[in-house]
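The task is simple: from the sequences and hints, build the whole structure.
Heads up: the sequence shown runs through residues 307 to 448, numbered per the numbering used here.
Once the Cα atoms are required to be at most 25 Å apart in a straight line, the calculated SDA-like pairs of lysine to any residue come out as:
(1) LYS383 / TYR410
(2) LYS379 / GLU446
(3) LYS379 / GLU366
(4) LYS379 / LYS389
(5) LYS409 / ASN388
(6) LYS389 / GLU447
(7) LYS345 / VAL427
(8) LYS354 / GLY399
(9) LYS354 / TYR326
(10) LYS379 / GLU341
(11) LYS379 / ASN448
(12) LYS345 / LYS426
(13) LYS379 / ILE419
(14) LYS426 / ALA438
(15) LYS332 / LEU362
(16) LYS308 / PRO327
(17) LYS383 / GLU446
Label pairs and their calculated CB-CB ranges:
(18) LYS332 / GLY396: 15 to 23 Å
(19) ALA372 / GLY425: 31 to 39 Å
(20) ILE360 / ASN388: 25 to 33 Å
(21) LYS308 / ILE419: 32 to 40 Å
(22) ALA322 / ASP397: 17 to 25 Å
(23) GLY425 / ASN448: 28 to 36 Å
It should be emphasised that the hints constitute simulated quantities derived from the structure, not laboratory data. Idealized CB from N, CA, C, for every residue including glycine.
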Amino acid sequence: MKDQNCAYCMQGELVATFAYPVCQMKTGYLYVFREQSKKGRVILAHNKHVSELIELTDEERNDFFADVAAVAKAVHKVFHPNKVNYGAYGDTGHHLHFHIVPKYEGGDEWGGIFQMNPGKVLLTDKEYEEMAQALRQALEEN
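This is the structure we're talking about:
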């Protein structure tokens with residue numbers, strides 16, 4: 307069931323304010339996060355409008371984490387981070403989604419406190435599309 311007020315459910319202008327579409331995966335939709343101080347940061351939003359992992363069946367949860375792992379593998383292949391961090395945030399937004407955040411030794415916030423949306427690095431739509439294309443290709447090669 308879709309929530310008409312949910313950016314991830316509606317996939318329109320609301321989600322476009324903070325994310326750029328990449329592709330549909332088995333369990334969710336992949337987006338490039340518009341704020342790119344961590345180059346390659348993406349979001350995987352689950353297909354179902356659920357708030358918590360515990361609302362998924364074991365199979366749905368395992369499939370979702372398989373997609374998270376596939377995305378992380380693609381992020382490593384395309385952006386070559388030293389580490390990938392994973393976060394499931396959203397106290398007020400009740401749609402299960404994971405932030406897959408590449409981190410680079412010596413880079414922004416390496417070894418420090420994570421800022422959710424520092425607003426430091428925004429790209430052009432052409433640059434977002436280039437990132438999305440590279441991720442699509444890496445996902446197809448897996």
